[in-house]
Each structure stands twice: as C-alpha cells, then as structure tokens.
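> Each chain, letter by letter, is given below.
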Amino acid sequence: MIVDSVKTSELESNKAESIGQSMYQLITKLYPICRSITGDGFRETLNIIKDYIPLEIHEVPTGTEVYDWTVPKEWNIKDAYIKNSQGEKIVEFKNSNLHVVNYSVPVRQKMSLDELKGHLYTLPDYPDWIPYRTTYYKENWGFCLTHKQFLELPAGEYEVVIDSSLEAGHLTYGEYFIAGETTEEVLISCHSCHPSLCNDNLSGISVAVFLAQELSKLSLRYSYRFLFIPGTIGSITWLCRNEAQVSNIKHGLVLTCVGDGGKFTYKRSRQAKADIDKISEYVLACSGKEYEVIDFFPYGYDERQYCSPGFNLAVGCFMKSPHGSFPQYHTSADNLEFVKPEYVYDSYAQCLSILQILENNQTYLNQNPKCEPRLGKRGLYRAVGGQAEEALDELAILWVLNLADGEHTLLDMAQRSGMAFNVIDKAAKALLKHDLLKEITA
Amino acid sequence: MIVDSVKTSELESNKAESIGQSMYQLITKLYPICRSITGDGFRETLNIIKDYIPLEIHEVPTGTEVYDWTVPKEWNIKDAYIKNSQGEKIVEFKNSNLHVVNYSVPVRQKMSLDELKGHLYTLPDYPDWIPYRTTYYKENWGFCLTHKQFLELPAGEYEVVIDSSLEAGHLTYGEYFIAGETTEEVLISCHSCHPSLCNDNLSGISVAVFLAQELSKLSLRYSYRFLFIPGTIGSITWLCRNEAQVSNIKHGLVLTCVGDGGKFTYKRSRQAKADIDKISEYVLACSGKEYEVIDFFPYGYDERQYCSPGFNLAVGCFMKSPHGSFPQYHTSADNLEFVKPEYVYDSYAQCLSILQILENNQTYLNQNPKCEPRLGKRGLYRAVGGQAEEALDELAILWVLNLADGEHTLLDMAQRSGMAFNVIDKAAKALLKHDLLKEITA
Amino acid sequence: MIVDSVKTSELESNKAESIGQSMYQLITKLYPICRSITGDGFRETLNIIKDYIPLEIHEVPTGTEVYDWTVPKEWNIKDAYIKNSQGEKIVEFKNSNLHVVNYSVPVRQKMSLDELKGHLYTLPDYPDWIPYRTTYYKENWGFCLTHKQFLELPAGEYEVVIDSSLEAGHLTYGEYFIAGETTEEVLISCHSCHPSLCNDNLSGISVAVFLAQELSKLSLRYSYRFLFIPGTIGSITWLCRNEAQVSNIKHGLVLTCVGDGGKFTYKRSRQAKADIDKISEYVLACSGKEYEVIDFFPYGYDERQYCSPGFNLAVGCFMKSPHGSFPQYHTSADNLEFVKPEYVYDSYAQCLSILQILENNQTYLNQNPKCEPRLGKRGLYRAVGGQAEEALDELAILWVLNLADGEHTLLDMAQRSGMAFNVIDKAAKALLKHDLLKEITA
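Protein chains in written order, with the numbering used here: chain A, 1 to 442; chain B, 443 to 884; chain C, 885 to 1326.
Among the hints, a few may not be true.
Distance condition first, Cα-Cα at most 30 Å in a straight line; then the derived DSSO-like pairs of lysine-lysine [to be verified]: (1) K138/A <-> K1261/C; (2) K429/A <-> K580/B; (3) K659/B <-> K457/B; (4) K515/B <-> K377/A; (5) K812/B <-> K1157/C; (6) K1157/C <-> K880/B; (7) K1022/C <-> K819/B; (8) K1261/C <-> K73/A; (9) K429/A <-> K217/A; (10) K1001/C <-> K819/B; (11) K1254/C <-> K819/B; (12) K1254/C <-> K871/B; (13) K1022/C <-> K868/B; (14) K812/B <-> K1022/C; (15) K377/A <-> K580/B; (16) K278/A <-> K819/B; (17) K715/B <-> K1022/C; (18) K715/B <-> K973/C; (19) K278/A <-> K715/B; (20) K370/A <-> K692/B; (21) K1162/C <-> K273/A; (22) K433/A <-> K692/B; (23) K377/A <-> K659/B; (24) K426/A <-> K580/B; (25) K1261/C <-> K278/A; (26) K1261/C <-> K273/A; (27) K913/C <-> K812/B; (28) K515/B <-> K273/A; (29) K117/A <-> K1261/C; (30) K520/B <-> K377/A.
No lab work stands behind these hints, which were simulated from the structure alone.
I would like the entire structure built from these sequences, with the hints used as guidance.
As structure tokens, then:
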C-alpha cells in the first residue's frame, strides 16, 4: 500500500514534470516572434497555438469602430537597425525585437547623435537590459537599447532604418469555444500581443492552451471560451462584437505573468465576492503555497474592460508576480530564464483546481428537509450507536443535508463546516444518488 | 442596611442550595431506571416527573410513519447476564443497566470466549468504566463491561442470557404546556432516553422540570412547551405529529449535559442571530461565569431536527460540557458523583435568566418621537441643571426613547447603550406608565 | 519655486492667524454678556452676531406649545448680590454672571447663614472656581461661589438680593439662511444660551459665524441654515415651527466646545453611516491631528432633538473636548484663557474641509460604461506606453470611470482607491468636461 502510494506520487510528479516541459516548450517556440497588437507576428503566434487546440481566428478590419475606440492600422516590420558613421549596425532588430519601439512608423534617415537621442529609450537602473516600449496610438518611431551601450555612443552621424509598414489591414485574435452542458460560460482570456517577453505573457498563453487541452477531454457543466487577444483593444473589440452574448459569461479569469518564481496573486473581480473570487481564494488557501489576494483596481490587464461598469463581469485576474512588481517586467530580462517549467505548471495546476471546483460547486435542495432522513437504512450511517468518535463522512452528510436549502453552494458548506471541498462534494454525490438532494438549475 | 443585604444574600444562597438539592434528588430517583427510546423505563421516568409537573403522556404505536422514519418496536428488558463455565454470573444487568447493549434482542445461548468477544464492548483507555452502547436500528445484541474485566476473561464456555423483548408496542413521550398571554411558544426539549447516565441527560430533565415548576407560578407573555422525549426519533415523532403548530414556536432551548463542573456552552441555533441566541449569549456574558458560544453544527441532540432546513426553528442548545468533550460521556463514570447540586442549579439559574429576558424583551414605539418629551414635568428628570455628573437612570430613559422606533428590542438597547438589561427594562416600564411608550405586538 | 512655496505657506499661515484672531475677538465681545435660554442677553448676543452676518431674529411668545414643551417665561436680570452683616457685598453678579443660578426668581431677603446655604452651590474639588447652575423649569433661586469663599463665610445675618424678572415675554433665536443651487439643506446649529463660558459655547458660535461668512462668498450646491438657539428648548421650538421643511435638511453639524486644546471629537449622527459621518471621519483622518470618532448617544446637545427617532436627521456633533470631559466644563474656568485663537481656527478649518467635501461629493454616471473610453485622444493619457511607473492622475481617472455607476460618491471612490479626495475630484471634473461623466441629481 505504501509502495502503491509512492508510485502514485511518482506518477503524479512525472506527469507534472512532463506537462511543465511541454508548456515551457510552447513558450520557447513563441519567444522569438515579434508580436504586436496587430500584424503577422500575432497571426504566426495563433497558428502555432492551432497545433495544440482548434483555434478559430478572427480578422477585424482597420477602422472598425469598437465602442469609443477604432481598430488601428496594421503594423508589420521586416527589419530595423542603427548604423554608426563607420557603417556598422550597432543596434539590430534581428538580435532582439525589443530594440524597435513597437508600432514605429517606417523611417530611413541620417541624423546626428543628439537628434537620434530623442528617439532612444534605455533603463539607467538596469544598464544591461533593453526596455520594451510601444507607440500604438501616436505615430512615432524609436529604438530601445541597453543603457550601457547608450552611454558609449560616440558623437557623429548615424543612419537609422526601420523597414516597417503601418497600413490598413486587420486586428487578429484567436478564440476557442468548448461547449458544455449549459450555455453559461467561463471566460479565460490572455493578452498575446507582447513580443519577446516570457512572463508577460507567453506564460499566460501557455497556461491557457494547456487548460483548454485538458478541459476539452472532460465532460463539462459550463461552456468555456478561451481568448487570445491583443491587450485592451482586443478585449474591447471582442466585447463590442459579442455584446449580445456577453451575459452568458458567468465566471472568468484573465491569465497573466504566471511563469515567474514569485508567490501567487489573485486579483478579485470588481464584484469582489463572485463565485470565481471565493473559489480562487479557497484554492490558493488550500494550496499550501504562498499567495496574496488583492482587491480589484482599474489598472492591469483586460479585466479592466471585462469589469468596466457597463459589463461588471465576474472576471478575476490570476497571476504570480503582478505586472510592475518585478524589475524584469517589460524588459529583455523577462526571458526564457526568468520563467521556468515548474512555475507555469504550478499556475496551470491551481487554475485547473479552480475550474474543477467551479464545475462541481452546485447548489442543492434537500428533498427531505423536515428532520434528518434516516441515513442508516440507506447504508449512509454506522450501525452501533453511542460512540463518541466523530465519524467524518457522516458529519459531511449532515452538513450537506442541513445547508441544502438552495441558499448555499458546496463551497459555502465546505467553508462553514471547515471540511474539505472534496469531502463535502463526495457527501453530496452520495445523497444525490439516494434522491435525498436535487440539483438547483439557475 | 448592610445586615439586610447579607440576609438577602444568605436567603438567596439558601434558596439556591435548596433548589439544587431538590434537583439532585430528582436525578437520584431517576438514576437506577433502565431507560431506552421506548419501553417501560421511559414510562416510569415520566411517571416520576409527573410528581413534579402535570405531564401529559403520549403513546405512539410501533410502525407509525414519521417523516422518513418509522416508530420502532418497543424494547423491554427484565434481566441479563453472562455466566462463566463455573456458573457464576460475571456480568449482570442488575448491577448496571449499562452492561447490556441498549435494544439488544433476546438471547439465551452458550458459546466460546471467542464467539462471545464479538458481542463485547469495552473502553481500553478507561479500563474501569463500562461503556454505553445502543443498537436501535439493527437487530443485534451485546454486553458492555470494564476493560479490566474483559482482559481477565479466561477461555471456556460462557452462558449468555438477555431476557428482553422487542415487540410491537409504543413510543412514549411526555409533554407539558403552560399557556401564556400569547400563542407564541417557547420550546424546552430534553432527551430522556438514556439509562443510568447522569449528566447526559438526567441533568437536562431535572433543569427542565424545575424551570417548568417555576414558570407555572408566573404570569407569562409566551406559552411554554416542555418535551421529555427519546432522542432523535422523539423529536422527529413530535414534529411530525404537530407539524401544523410548529410555526408557533418562536424560541427554544435543547437542554443537555447541564450538570457537570465544566464551563457553560451555548450552541447557536441554525439562524445564528435569533433572539434566543442573542439573549443566551448576553446572559452568559453577564453571568461572570466561564462560558463559550459556539456556532450551530448539524450534530449533537434534538436541535438537529428542530434546526433541519424544513423547520429552521430558533432553537439553541444550552449545555455545560458538550457531548463527547468529557471522557465520562456515555460511560458508567457519568454517574451521581459526576453531577453536583450546585452545577444543575447554576444551569437552572442561567436558563431562568434567559427566559426572564425573553419574556421582557419587548419592542416599543416612542409615542412622542419628535424631539424628547419633557421628562421633568413627569418627575423623570433632575431639577437643577448644569451638573456634569451623568445621571444613570435618566440616560437609560433617553436611550429607550431614542431607540423605541419599533426596530430595537430592549436587549438591542441594552447592548447599544452598554447599560444592564434590567436598568433599560426599568426605564421602559417607567415610560410605559407615562404613556410615552407603546408595546408593539408582533 | 521654493521661495514661492514658502511665501504661499507664510500667506496661508498669516491668513489662519488673522482669522483665528478675529474669531477670538468675537468670543471676547460676547464673553461678558449674561445669556440665558431667553431674555435680553440672548438678544444682545444675536445683535453682535448681526455685525458679522445678516441674521434673521425670531421671537416666540411665552406659552407657545412646542411638541411636549411650552416656551417658558422670559428671564432678565439687572443685578444680584449677597451682603454680609457688615453690609459688604461679598458675592456680586457684576463680577461674574455665573454667581447667580440662571433663571433665579427675584428675591430680596435677610436670612441666617444656615438658611442661605440651602441656596449656595460650589465645587469642593476646584475650590477657586465658580460653578455654572441653572433652574429653568423649577422656580427657585440660588448663588454660585468658590468653595474657598464658601468655607470662610462667618455665621451671621445675610442680605440676599436678586433683581431679576421672570415674566411673559419671548424666546429669541437667530437664523441665517444661505440659498444654494438646490433646496437641500445643510444645518449648522449651536446653542447660544450660556453666560460667561467660552468653550461652551462661545467657541461654537464663533466657528458658526465665520463658516457662514466664508460660505456666503461661495457658489454653493447646498443651501445652508445656521441656527443660534437656546439649547434643547431652542431646537425643539425650531423643529416644531419648521416641521414641514425639516425634510430638506440632508446633512448637519452641531458645533460645541470647539475652542479648547484637546483632540477633535466627532460624534456620529444616529444614522451612524450618513454622508456627514463618513466625510467628518475622513477629514479628521486626513487632518494629521489627534481625533476620536464616537457613536451617537442620546445625551449632549441639540443633536438629541435632531436625532430623535421622529426626525432621525443626519446631524453629527463636531467638538474638541466633549462636554463633561474637562474639569473646566460649566465653571468659571471655561474662560478667555481656556480657549485660544489657534484652537477655534483649527475647528473652523476642519469644518470648512468637511463642508467643501460635502459640496463636491457628487455621484456620477459613466457615459461610456462599456469598456474604458479612449483617454489618449482626449489628452487624458500619456503617449508612450509600456512604462512601469504608475501615473497617479491616470489611475484616479480610471477609478472614477470604473466606480461611476451611480452607486458610489467621490468619497467612496477616494476611500476605495486610497487616493486623496481632491485628486479623485480633479479627475472627475476633467472627465465631466469631456462629457464622459454625468452628474446624478437626487
């Protein structure tokens, strides 16, 4: 028996390692691509994801009005560099796509160092790292480089080339819908628009992809909708195009920065006490891992749009280290060393636990509400009475019967009784089998 | 004046001692009887109680359907013993009715020690005590003995005799109803089915009987219903037979384990914030005694049935040491030494305080709600103004006037003002006399 | 720039000092007058206030029924003294109006020391102070003197003269109404009936007068009603005569004991969570000063009447040291040394902050509630994205947009976001200018 248990644990641990490696592999594949909120890098990313899950790809034309916003021109880039007066390429897009300010307009120009400096971005506090900068909504151009290199730039004439295009085209996003028993949906959303940055947010993409793979194998109560979208404009576009169906979304998670070694962070939905908030907090509290639960605030990722007052969806944000809280954030140091297979697996495992409880967190109605039913005649009770020891499973049965008044979910029962969710769930399933409970459908 | 006060206190203390002794006497009378959930032992118990209060005795035939349950066959026992191979009675019902597993079917048989052992129950941790065991709902038989004796049993042939009967008959319970001004009822319930066990629950019976005696002398706002019933099946039977009137029960207490030396324990009703919960907690907090208030959980005594979701009555459970929390529980050590006159009296006194506050915990409506009434012209206020000292009684009057908006009971006022209930009550009575308050009838 | 800031700060500090001095000057002017709940001293007080603000003066005839009360006879006093057997005036009204028990009936009589003692009031614990006593509702007379003098009174015959009148007349009060944009009113009330006592309540009068002066210069959302009334009978009279308009009062403050050096004390309205309660607590928490917030209790000043259950107005009480908490209370030691210009100014400044937040504490509706509006195109957002630093003002804008659902006031937003009220208010004003918010009118 002990040998068996060790084997199971070994199997579990092997499985975890294998999933973690596959998740990391996906990150590795996606890392070199120069993504932006539009363009071929985003398309290439979705095509790689398509090898894992049957993604539906949507193209929304430039100029489409989406609420207060307009789908921008499509940006693509072939090459970019800065040449010094000796004709040497000293900053090169091919070495790191972070070198070019994302959404830079095409430029081909010679200029003095002083003039050039107005277009250069560095991180004086981290002189070896390249920052990540964007200029989505103001036509401009620029280069990012290490502060070390910046300090060593000699005076002289420089040639600047950005071989990009900013033209009418499309905004692209990927969507994967898994139909469950009901039309009620769980939304899993991750921004997929950042270039070579691993934690933010290749880690989120990877967790979403592997959750989708796993869920697609299961028989599900809820339907699940996975969105791989450009940040902000992507969620705005999706909400605008799908406004009529948005009310189907009953629960949701934004996944972001889920691959670093920091503690878990759950940011509550604007509703603050939605089921997804209670379950996420419960799962993290039971995880034995370090974690923090923080209140909603209107900054961060696409939860800003999902939780805008006109929608106010029950969508929380699942993270490890929140954006801005680690120095590597939005720099070249958010790379393949910064995220690790075990970290993305850990995030995946916690999210899966959250979704499993969500799936099972039913509300029941006791079918014998006046006095307790006789459990003994149904084999649900011990035979010899009078013993002082607390029979745990019986207590779970009694809790479920007592609280199955249509006002308490199984999680409410678990929390009120102090018993584990799966013990309560097992008791409920046993009672359901004996027709002592009835599921309440919303 | 000091002499008077000492006299009063002595009188009080003499009265307490005398009541405590009478309560203990009742326990002593009931102790030897072999009670069970049905049968003549239960009837004999009720007949003794009838010497104290005019109990109505109900008999419900075997086989009667009560919700999910059926009234069981009636169990009676004349004698039982185990004889060793020398023909000596080594375990004898006549020495302790705990020796026989309650509800054991008749048996008259010879068998080896090994075979016998499958029917023997002991307490290895307490080798000198006899455990209390039952087999109500599974036809079986057994003996309970000390572990010490068990270990010394030699191999050999044993003769086992249980001269019991398990036949169609009745379930018996006692009921005493005291009519008050209103049809709203307070339920006092205690299980009365245990054989020679003092704390669980001859103590509860004794407190209930003496509360009933005392209340029957008073002019009461509420009606009071006292139930002396077999545990579980008794409350289920009563609820089923009286379902139409159950909604009259507005408050209630289950009394159990109220005779030991432990601290007071009040277990809240399922409603958690019912008047009975607030008052019980308040009385214990004011008692100067050690106490604990615990939340409802669906295990314990007949509060399980009263608080089942189909009834959800405001019935709490008043205890000293809760069942299972003391080693003597359900053993021969729960005897006449374990309970003491002063302990049962203490429980009686706290319960009486609870009921007294319940009786007086009115909700009033200020008849002069716009600005304060002029108290001075009614002799309710001091004459010389400007003094800094707080006049306590006046403050109570002002609190009552301010909160007599129909939303606050006197207890709410006591708690919000931090003043004693009786000070607030006295102020309310004075205002009532001056027609400044009107009682709100529910 | 630093020079400028020092100048501003100096200007601020000069302005504070100048206001404080003016406030103290008013107290100095009012100090010598012998006020009571009726009579010429009250009229003289209102006439002095009239030099500052255009007060409307009301006269209510003796005998007028006001709810459970009757407007009393008018009391006036010309002189009073006690002469010893040598014909020396040993206690003289002209030295301190506290010497005469307020509302003493006329008396002109010779008597022994023993007889006289039944009419003398002293403070044994503070032998150098004269107490303040009243006998409004019981016809009586008396003198107050220092305990030191009392102890030295030789036996002998004394002549007692109180040249007062207690006759049909009027109860007088002052009212100043400042009309704002809406008919919703803020009530500022202070009792003005005490004779030579500075903290209680010339300090309250002074703060009310200077608040009224300041508010009269501003464009206001609310209307403001200032009441200078005799304690208790004054608020009862006003409420009774204005019952039909009382519901216009949405917020209010009773001002009392606001000139001593103790910490600030805010006593909540009976509603406990009214806007005035939340704002007062917020302002004191932000003030950097020592303060305490206490719950409503039905003792104190005119908040007792405003918060009687028939009105239950959102009126709190703003104080420094509460009545009865300082030994100088209701004694001759509550004099011009006990209050200080900087203390009354401090109270004035906190009250003004409270009223300013009240004025600005709007509830708004986001006009673009589905997703965030594009702030960039309105110049409300930075141009270069990707930076980690938190842009404070932008965050305020996002908070306002997110919570402008008609359920949150600006104060709610400030408290939920942890940002200062004025930062949130500024963000709201900016959004309002861009038609992204709409004011909700109640």
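> Okay, which hints does this one fail, numbers in order?
Violated hints: 11, 12, 16, 17, 18, 22, 23, 25, 26, 27, 28; rest satisfied.
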